[in-house]
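Q: I would like the entire structure built from these sequences, with the hints used as guidance.
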Amino acid sequence: MELTESTAKQKLPACPVETTLTLISDKWKVLILRDLTNGTMRFGELKKSIGHVTQKVLTAQLRQMEASGLLTRKVYAEVPPRVEYTLTELGYSLKPVMDALWKWGENYQAQCR
Numbered sequence: 794m795e796l797t798e799s800t801a802k803q804k805l806p807a808c809p810v811e812t813t814l815t816l817i818s819d820k821w822k823v824l825i826l827r828d829l830t831n832g833t834m835r836f837g838e839l840k841k842s843i844g845h846v847t848q849k850v851l852t853a854q855l856r857q858m859e860a861s862g863l864l865t866r867k868v869y870a871e872v873p874p875r876v877e878y879t880l881t882e883l884g885y886s887l888k889p890v891m892d893a894l895w896k897w898g899e900n901y902q903a904q905c906r
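If you read the sequence shown in my numbering, its first letter stands for residue 794, the second for the next number, and so on.
It is worth saying that the hints were derived from the structure and are not from the lab. Each hint should be verified, as a subset may be incorrect.
Claimed, not checked - Distance windows between CB atoms, simulated:
#, residue 1, residue 2, range
1, Val890, Ser842, 11 to 21 Å
2, Ala853, Lys804, 18 to 28 Å
3, Tyr901, Val868, 31 to 41 Å
4, Trp895, Lys849, 25 to 35 Å
Small disclaimer: the values here were computed from a predicted structure and weren't measured. The C-beta atom is built at its ideal place from N, Cα and C for all residues, glycine as well.
A: Structure (structure tokens):
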């Protein structure tokens, strides 16, 4: 797993679980990861898929994730502007974590019914 320069410069917690939570602990970041695991998406697609997130908050979350090396942002010089987001190899390496969260959630939902 390769760290980006910006991630390597961060002061990371000693605990690996805390490090992971530092990168993905926000509700929206987890949903962004969920959606981008299936492939590249445009900003509007992400906003629609996630739901009740504001444009300002989604933009901030995407920028933080880009700075952490979890995703890339590609801007196309078009009118209107087109921006696409894609998980990096580092971001995609969180797929097993997301799969485990999905499975745990399914099991919990089944127990609550």
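Q: Against the structure shown, which of the earlier numbered hints fail to hold, in ascending order?
A: Violated hints: none; all satisfied.
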